[in-house]
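Sequences and hints are given; from them, build the entire structure.
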Amino acid sequence: MSILKVKNLSVGYRNLNVLKDISFKVDYGDYFCIVGSNGSGKSTLVKCLLGLIPHNHKGKIEFDVSTQEIAYLPQINTIPREMPATVKEVIMTGLQKSGKRLPFYTKKDAKAYKSTVKMLDIEKLAKKKIGELSGGQLQRVLLARALCRKPKLLILDEPTSGLDEKSTGNLYSLLDKLNQEEKMTIIMITHDLDDVKFCANKVLVLDNEGIFCGNISDWLKIRREGHCHHDH
Amino acid sequence: MTIDMFFTILTQPFVIRAVVVGVLVSLCAALLGVVLVLKKYSLIGHGLADVGFASIALALALGVTPMYISLPVVLIASFIIMAVSQKKGVSGDTAIGVAATTSLAIGIMITYLGNGFNADISDYMFGSINAVTTADLIMSIVLSAIVITVYVLFYNRIFIITCDESFAKASGINVSIYRFLISFLTALTIVMGMKMMGSLLISSLIIFPAVTARNFASSFKSLVISSAICSVICFLLGIVLTICFDLPTGAGIVIVNAVAMIGSSIYGKLVKKN
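If you're matching them up, the sequences are chains L and G in order. So the first sequence is numbered by numbering that gives the first Met the number 0: it starts at 0 and just counts up by one. So the second sequence is numbered by numbering that gives the first Met the number 0: it starts at 0 and just counts up by one.
Note that these hints are calculated values from the structure, not bench results. Glycine included, every Cβ here is placed at the ideal spot set by N, Cα and C.
Here are the computed distance ranges between Cβ atoms for each label pair:
(1) G:V239 with L:P79: 28 to 38 Å
(2) G:S221 with L:G38: 34 to 44 Å
(3) G:I147 with L:G50: 31 to 41 Å
Structural data, given as structure tokens:
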């Protein structure tokens, strides 16, 4: 069963077509990677799915889950480094959902926060200011913010950019664990498919010549054979 | 001035009214200032104050109680500024700059064509504690109750919008509504404090406390609380000093706030070095 269906999606800025007539679907439990060269429209696609660039796309985007069940980890940290906010304050914002307007967090929220920081091993960072964190720590905090609402679908935009090898490895094993054990569906934009070829099962390749959408093993086989089959 | 004289002045009804109004305005301005300063939108206070000045000039020329005109006009202006600044191609400071200078020009023109610059308009420009009436006091209590209640009720939402708008949008939160809410609350605060602080100086109550508190705040919550405390202390110190030395109140309060800000910046730099 599909958690996301995209049909004939085209996205443009003024007269420039960033994405043209793209169709694909993501099933529950998938670990779905989006790859492509710089400027191929990977981030635009994800932002469009999340409604962050409204009113300039054509086609259908159908989620089988509500916005509350989707979590997003952006490519660039959008929190200003000088923001005087603690790690705990930032992570707790992940528990704010569109329909929920309670002025205070509940006990259930506090429990969700505790279990998430424990899982990501960042309990000791709780009182640190967001601007005092290293790149790897910040990424884990932002991931905690995305995960604390227990999403069914996690969307990540190049989560390893700016991370060292060790932090990258840790992040990938965590994502693999979430996908395998928690059955969380993952959509991830990635620069290097080789890093995730053993965990991810599907891939969407965007490049100037066309798109490929299918099993990651099929794509790797095509790539190994040195010729590219393009599926529109 | 002897201590007896000082206490005699301090217990005068007009001074008590001014102190209550000032504390409420300082509190509301500091709460909103945290958000506006962090979002680099602090000049909206100045823009709305200039709109307020134009509306007061019009009210005085028409012989109407200023509040009846300034409250709706400033509220409408806050919505227009926010709506225009959300449009692509128009930045927030441009929208504020246009609204502020145009309003100031209209205000000056109305004043010139009307009765000219008199004591009333001067009070509204530079502020005066003598000008605060019982009606102003009641209105300030009502408006500040609205501002503080809404701020506390939507504190978590206000924080997420201040901290990371993109994440808030991706979480399905209607960011625009909260931007308008902040703008609306700022407009109420400006209208409340204009008579006491003066339209030229009221925006300082929004900017200074947040900048001062930022140097020693360890979290967003502590920034909000320390900004509020700092604002009220600076106001009380300012009003006491200006009464003692018979100086203009609004200007005195701004100078105390400026000194506190410089002090906290030095403290912040020393702490960073160590």
